[in-house]
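Peer 1: With chain A held as given, fit chain B onto it using these hints.
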Amino acid sequence: MKRRQMLGLVGVGALLLAGDALGQERKPAAKKPTGPAEQPSPKRLAIVGATLHRTGAEPLADAVIVIENGRIVSIGTDRGAAANATTLDVRGKLVTGGLIDPLTRVGVTEVDLEAQGRDDAFTGERAIAAGFAVADGYDPVSPIVAITRREGLTSVGVIPVSGLVTGQSAWADLAGELPDKALGSRSLALHVLFDDFQLGSGPVNHATAFYLLRELFDDANIFRAKRGDFEKRQLRSLAASRLDLDVVTRVLEGKLPVVFHADRAADISNVITFAKTYKLRAIIASAAEGWKVAGELAAAKIPAIVYPLDEGPRDLVARGAREDNAALLVKAGVSVALSSGESHNARKLRQVAGNAVRAGLPHTAALDALTDAPARIFGLEGYGSPKEKRVANLAVWSGDPLELSSRCEHLIIRGRQVSLASRQTALLEKYR
Amino acid sequence: MLFSIGCLPAPGTPRTAAASGPHPYGETNEPASATATLGTWAPLPTAPWRIGRPSSKDHPNSRADAPTILLQNARILLGNGGELARGHVLLEKGRIASIGEGPGDPPKGAEVIDANGKTITPGFVDTHSHMGVYPMPSAHAHEDGNELSAPLSAGARTVDAIWPFDPAFERAVAGGTTTVQVLPGSANLIGGRATTIKLHPASTGAELVFPGAPYGLKMACGENPKRVHGREKKGAPATRMGNLTLQRGAFLKARRHIEQWDAWRATESERRASFDRKVADLAKKQGGLADARAACGNHPSERCLARAEDKHPTPVLEPFEPRLPPERDLDSETLAGALEGSLLVHVHCYRSDDMGSMLALSDEVGFKVASFHHALEAYKIRDELTRRGIAVSTWADWFGFKLEAYDGIPENLALVHAAGGSAVVHTDSSEGVRRLNQEASKGMWSGRNAGIQITEAEAIRWVTENPAKALGVDRWVGTLEVGKDADVVVWGGNPFSVYGRAELVFVDGILRHDLKNPPKRSWSDFEVKP
Numbered sequence: 000m001k002r003r004q005m006l007g008l009v010g011v012g013a014l015l016l017a018g019d020a021l022g023q024e025r026k027p028a029a030k031k032p033t034g035p036a037e038q039p040s041p042k043r044l045a046i047v048g049a050t051l052h053r054t055g056a057e058p059l060a061d062a063v064i065v066i067e068n069g070r071i072v073s074i075g076t077d078r079g080a081a082a083n084a085t086t087l088d089v090r091g092k093l094v095t096g097g098l099i100d101p102l103t104r105v106g107v108t109e110v111d112l113e114a115q116g117r118d119d120a121f122t123g124e125r126a127i128a129a130g131f132a133v134a135d136g137y138d139p140v141s142p143i144v145a146i147t148r149r150e151g152l153t154s155v156g157v158i159p160v161s162g163l164v165t166g167q168s169a170w171a172d173l174a175g176e177l178p179d180k181a182l183g184s185r186s187l188a189l190h191v192l193f194d195d196f197q198l199g200s201g202p203v204n205h206a207t208a209f210y211l212l213r214e215l216f217d218d219a220n221i222f223r224a225k226r227g228d229f230e231k232r233q234l235r236s237l238a239a240s241r242l243d244l245d246v247v248t249r250v251l252e253g254k255l256p257v258v259f260h261a262d263r264a265a266d267i268s269n270v271i272t273f274a275k276t277y278k279l280r281a282i283i284a285s286a287a288e289g290w291k292v293a294g295e296l297a298a299a300k301i302p303a304i305v306y307p308l309d310e311g312p313r314d315l316v317a318r319g320a321r322e323d324n325a326a327l328l329v330k331a332g333v334s335v336a337l338s339s340g341e342s343h344n345a346r347k348l349r350q351v352a353g354n355a356v357r358a359g360l361p362h363t364a365a366l367d368a369l370t371d372a373p374a375r376i377f378g379l380e381g382y383g384s385p386k387e388k389r390v391a392n393l394a395v396w397s398g399d400p401l402e403l404s405s406r407c408e409h410l411i412i413r414g415r416q417v418s419l420a421s422r423q424t425a426l427l428e429k430y431r
Numbered sequence: 000m001l002f003s004i005g006c007l008p009a010p011g012t013p014r015t016a017a018a019s020g021p022h023p024y025g026e027t028n029e030p031a032s033a034t035a036t037l038g039t040w041a042p043l044p045t046a047p048w049r050i051g052r053p054s055s056k057d058h059p060n061s062r063a064d065a066p067t068i069l070l071q072n073a074r075i076l077l078g079n080g081g082e083l084a085r086g087h088v089l090l091e092k093g094r095i096a097s098i099g100e101g102p103g104d105p106p107k108g109a110e111v112i113d114a115n116g117k118t119i120t121p122g123f124v125d126t127h128s129h130m131g132v133y134p135m136p137s138a139h140a141h142e143d144g145n146e147l148s149a150p151l152s153a154g155a156r157t158v159d160a161i162w163p164f165d166p167a168f169e170r171a172v173a174g175g176t177t178t179v180q181v182l183p184g185s186a187n188l189i190g191g192r193a194t195t196i197k198l199h200p201a202s203t204g205a206e207l208v209f210p211g212a213p214y215g216l217k218m219a220c221g222e223n224p225k226r227v228h229g230r231e232k233k234g235a236p237a238t239r240m241g242n243l244t245l246q247r248g249a250f251l252k253a254r255r256h257i258e259q260w261d262a263w264r265a266t267e268s269e270r271r272a273s274f275d276r277k278v279a280d281l282a283k284k285q286g287g288l289a290d291a292r293a294a295c296g297n298h299p300s301e302r303c304l305a306r307a308e309d310k311h312p313t314p315v316l317e318p319f320e321p322r323l324p325p326e327r328d329l330d331s332e333t334l335a336g337a338l339e340g341s342l343l344v345h346v347h348c349y350r351s352d353d354m355g356s357m358l359a360l361s362d363e364v365g366f367k368v369a370s371f372h373h374a375l376e377a378y379k380i381r382d383e384l385t386r387r388g389i390a391v392s393t394w395a396d397w398f399g400f401k402l403e404a405y406d407g408i409p410e411n412l413a414l415v416h417a418a419g420g421s422a423v424v425h426t427d428s429s430e431g432v433r434r435l436n437q438e439a440s441k442g443m444w445s446g447r448n449a450g451i452q453i454t455e456a457e458a459i460r461w462v463t464e465n466p467a468k469a470l471g472v473d474r475w476v477g478t479l480e481v482g483k484d485a486d487v488v489v490w491g492g493n494p495f496s497v498y499g500r501a502e503l504v505f506v507d508g509i510l511r512h513d514l515k516n517p518p519k520r521s522w523s524d525f526e527v528k529p
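So the sequence lines, in the order shown, correspond to chains A and B.
Residue numbering for the first sequence follows numbering that gives the first Met the number 0, starting at 0 and increasing by one per position.
Residue numbering for the second sequence follows numbering that gives the first Met the number 0, starting at 0 and increasing by one per position.
Among the hints, erroneous ones may be present.
[Unchecked claim] Listed below are the simulated DSSO-like cross-link pairs for lysine-lysine, each with C-alpha atoms no more than 30 Å apart in a straight line:
1. B:Lys-401 x A:Lys-429
2. B:Lys-519 x A:Lys-291
3. A:Lys-180 x B:Lys-401
4. A:Lys-278 x A:Lys-231
5. A:Lys-300 x A:Lys-330
6. A:Lys-386 x A:Lys-330
7. B:Lys-515 x A:Lys-291
8. B:Lys-519 x B:Lys-92
9. B:Lys-528 x A:Lys-330
10. B:Lys-528 x B:Lys-515
11. A:Lys-291 x B:Lys-528
12. B:Lys-107 x B:Lys-92
13. B:Lys-515 x A:Lys-330
14. A:Lys-330 x B:Lys-519
[Unchecked claim] To spell it out: a stretch of chain A is covered by chain B in this simulated footprint if at least three of its residues, at any positions, have a beta carbon under 8 Å from a beta carbon of chain B; those stretches are:
15. 111–120
16. 303–317
17. 341–347
18. 350–359
19. 399–408
None of these hints come from the bench; they were simulated from the model.
Note that CB positions come from ideal geometry on N, CA and C, so glycine has one too.
Next up, chain A with everything else stripped away, as it sits in the complex (with noise of 0.2 Å):
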C-alpha cells in the first residue's frame, strides 16, 4: 500500500459499480439538523467543568456549555445556566469543537479495493462530472463512520475521487443512521482534481486540465446567459451535460465554492489566476508547494486544506513538500485547514496535527485548523469551532487533543452524546 496524494488513492483498478450515478442537485439540508438516535436526547444538555478550546477566544476554564435542540444555545462559566439540563460533568478535562476532516471518502468507501461499497467517483469514464454529488451515494452507516469517530471527529467533508472535475463533496456529520438525518450539505464545494486523473488511455496533464476548465467555464457562462436557448435546442453544443452545466453555474455565480487539488506551486498559481477570471470562490487542497506562493494566495483570499505528513520529492510534480508547509501559510495570513485525505484513516486527523504544530504550527492554529477552518472555508454557517447558535458538535478529551496520549472520552454530535463503541471495539471485546 502507498499513499498517494492527500485523497488516500491506492491502486485501484475501473470501478464497476452498477446503477446510475450520476448526481441529481440537491437542496441544502434542512436548516434545524436532527441528531442520531443512538441516544435518547435531552432537552437540554449541559457540558460543565472542563476548559474550551475556540477559535478567537482565550482558553475558558470551567466552562458551562448549554446545548437545546441539537445547537449551542450558551456558553459561559455560571453553573445556573445548566439548570433543567442533563449534565455532563468534565471537571479537569479540554473540550473543543467536534474535529472535521474535510477531505475524506468516510461513508462512501467500505473496502478500497472493492467495487461494492465505493461511492466516491463518477463511474463512468469522464472528465468532467460535476453533477455528481457525492452525498447520493453516502453510507451514514458504514462501520468507519463509528470507527473514526472514537477519535474525536464529528463531522467529515466527503469528496469525489475520479476524473477532472470530480463533482460536489458533501458535509457528513458522523450520526444518523438515514443521509438526511447526516448530511449537513449536499452539495458543499465543486472539486477539480489536477493528478491522478485518467481520461482514455493515459493521464490527462495540467495544461490540458485548464484548456478543459476553460472550455467548461466559457459554456457555463453562454448556458446561464442562454438557458432558455439551451431549452429550445437553439445553443451550439456545450461542453458538458446540463446537470454538469447547471453546477458550474452556480459556481459561476458564487455560490458553491470550488476546490482545486493542486500541488505544484506552477499550477496552483495558475489556479490563482483562473479563479480571478472567473471570480471564484476558490480553495487550494493538497497543496504540496503552497509555501511557495503563500503570500498570493493571502492576497487573493484563497483559503488551503494540507496534508502536513508530506515531506520531500514525493513525486514529479510535488518536489518541493515541506513539513512546514501549513505553518509558512498561517503565518502568511492564509486560512488553513488540516486533512488526512484519507478514508479509514482520517481518525489519524489530530497525529496529523500533532505533526505540523511540530513543524512550527501554533497550537491554536492547528485547533482552528481542525474545528472552524473548515466550516469558514467552505462558508458553512450554523458550524464550526464552539459558539453560540451553532449546530452542537463537540469532543470532550482527556488532554491535549493532537497528544497521542490523550484519547477522546465523550462526543456530542448535533447535541446528542453519541457513542465511542464501534466494530473495532467490539471485536477488542471479543478477543481480549
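Peer 2: Frame of chain A; chain B shown alone:
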C-alpha cells in the same frame, strides 16, 4: 579438464586443469582455484545455499574511524525493556564502549555532549520497508519491488535493485531509524530475497548491506497474489487454494533440489573413493609387473619379459570424469536456504486463517516462519504465535483498505505484547518510517486505554530489540549494550509524544542527523541544488 592416463601419472602431476581453467563442476560460489594432487582432491562444491554470504560470520567494524563521543545526563531507554533514569553512553570506533548510570568518564579526546532533559534510544529497526525499490519520487521507472512476471520469484533479490539515492533514506534517519529490511513487494507468492541495510549515504546498493545480516525471504498470503496474477493477469493463482498449491510445489521442488545435491555429493564422493581404490590397485599391479621383470635378471630374455607381461598385464585406468552437480536453480536454492534456516522467512499475511494455512505449510514442508508481517488478525491467534516464537510485525492502526484488512484493531500490538509475543511496529511506508516513535506510541496508548499496562521502556522494544531479533541482527543492533553498533538516537522531548523529535542520530558512531545543523548537501543526488 580431465587428466588422461594410459599409465599412472607421476606424483605431483595435477589431476585437474582447474588451476587455469573453469571449475570442473561448473559455476558455483566455490573459489575455482583448487588444484588437486595425487591423493588429494579439490573439495566437492558445497550446495550454493549452504555457503552463506561472504560476510555471514563476520561483522567488520567498517567505521573504526568514527569519533569518540560521550552522551551524558540523559534518560536512556535501553531497547531491552530496561531504562536508566540518568545515564551515559560512550560511542567509540563505531561501537558502544560503555553505558550505565551516572555521567561516565570521557576518554582523552572524547567529545562530551550534555543530553540533560533528553531521551536516548537505540536506532530504530524497521522490518518492512520498500525504500530503495519503490523510491521517491514515485514514478513508473521507480517500480522495482515486485517481479510481476511470475508469481514465484524466490531468486529475485532486492539488493540488486536498491537505489541508494532514494531521498527517503535520509528522512528515515532523521526520524531515528537506522536499520531497515528492504523487502520485495507482496504481489508474488514468493517475492524473493529481502536485504537488511544500514542507513548511510551511498552510491551503490551493496554499500548499504548490513554486514552479516541474513537474507530474509518474502512470501505473501491472501489477496495480493491472487488479485495481481489471477484477476488482473488471468493467470495463476486465482484463489487462496492456488496460493498454497503453488507455494507447496515450490518448496517441494526445493526439497528435491536439496536431495539432488546431497545425492550428487554422496555419489561423487563414492566415485572418487572408488577411483582412488582403482589407482591403488593399479599401482599394486604395476609393482607386480616391475617385480616380475626384475625377476628376469640383469640381462632378461625377451621371453622372460614377455611372460612377465603376460602374467602381469598393464592395467588401463579409465580417466576420472567428474559429473556435474545439479543445475543451478536460483529459486530452489533460495527456498533450500529457507528450509535449512539460513534465510529468515517473513510472510505478508493479514487474516488469522491465512496465517494458519501458512503455518500448516511450514510444518509440512519444513521451514520456520520468522515473522508474519501486517498480521492484522494476529490478536486472534496470539497464543499460538507466541508459542511458536513468531514475531508479529504490524502497524499501529492501519485497517480496511482491503477485505482481508477489515478486522484490524489498534490494540493488536498490545494484545500480542501482553500474550508474551514479540510485537514489532513496522511501517511499509517511506513516510511512516520517519515517525516510528509515534506509531509505537499509538500502539502503546491503545493498549493502555484498553487496560493493558505497557511501560515506555517495553514499548520501545517494538521498534528496537524485537525487530532486530526478527531480522537476525540482534547481536549487533536493537539494544544499547557494550560492543553493539553505535546506532543511537538523542530525542528532544519524549519520543512517545507527537511533539518529540530526533535531534541527533548516530549510525555506526557517525553523526548522520543533526536537527540543529542540517547538512548543506542532501544524501540523494536527486535533490542536488544549483
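Peer 1: Compare the structure with each hint and give your call.
Peer 2: Now for the hints, and whether the structure bears them out:
Distance check on the hinted pair: Lys-401 (chain B) and Lys-429 (chain A) sit about 22 Å apart at the alpha-carbon level, within 30 Å; holds. For a cut-off of 30 Å, the pair hint linking Lys-519 (chain B) to Lys-291 (chain A) stands: about 21 Å separates their Cα positions. In summary, the hint linking Lys-180 (chain A) to Lys-401 (chain B) is supported, as the alpha carbons are separated by about 28 Å, within the 30 Å threshold. Of the supplied pair hints, the one linking Lys-278 (chain A) and Lys-231 (chain A) holds, its CA atoms being roughly 29 Å apart against a limit of 30 Å.
Our distance criterion of 30 Å between C-alpha atoms is met by Lys-300 (chain A) and Lys-330 (chain A), whose separation comes to about 14 Å. For the suggested pair Lys-386 (chain A) and Lys-330 (chain A), the alpha carbons sit about 25 Å apart, so the restraint of at most 30 Å is met. Taken as a hint, the Lys-515 (chain B) and Lys-291 (chain A) pair is honoured in the structure, with Cα atoms around 23 Å apart against an allowance of 30 Å. Our distance criterion of 30 Å between C-alpha atoms is met by Lys-519 (chain B) and Lys-92 (chain B), whose separation comes to about 25 Å.
Taking the CA atoms of Lys-528 (chain B) and Lys-330 (chain A), the gap is about 26 Å. The hint holds against a cut of 30 Å. Between Lys-528 (chain B) and Lys-515 (chain B) the alpha-carbon distance is near 20 Å, which keeps this suggested pair within the 30 Å criterion. For the given pair, Lys-291 (chain A) sits about 16 Å from Lys-528 (chain B) by alpha-carbon distance, which is consistent with the 30 Å threshold. Between Lys-107 (chain B) and Lys-92 (chain B), the direct Cα distance comes to roughly 14 Å. Compliance with the 30 Å bound is thereby established for this hinted pair.
Between the alpha carbons of Lys-515 (chain B) and Lys-330 (chain A) the distance comes to roughly 22 Å, so the proposed pair stays at or under 30 Å and holds. Pair hint Lys-330 (chain A) plus Lys-519 (chain B) holds up; C-alpha atoms about 26 Å apart against a cutoff of 30 Å. Note: the stretch 111–120 of chain A has 3 residues with beta-carbon separation from chain B under 8 Å; the three-residue rule is met and the coverage holds. Only when three residues or more bring their CB closer than 8 Å to a CB of chain B does the claim for the stretch 303–317 of chain A stand; here the count is 8, and the claim holds.
Counting residues of the stretch 341–347 of chain A whose CB lies closer than 8 Å to any CB of chain B gives 5, which reaches the minimum of 3, so the coverage claim holds. With a threshold of 8 Å between beta carbons, the proposed coverage of the stretch 350–359 of chain A by chain B holds, since 5 of its residues qualify and at least three are required. Under a criterion of three residues with beta carbons nearer than 8 Å to beta carbons of chain B, the stated coverage of the stretch 399–408 of chain A is upheld, 5 such residues being counted.
Violated hints for the displayed structure: none, as all numbered hints are satisfied.
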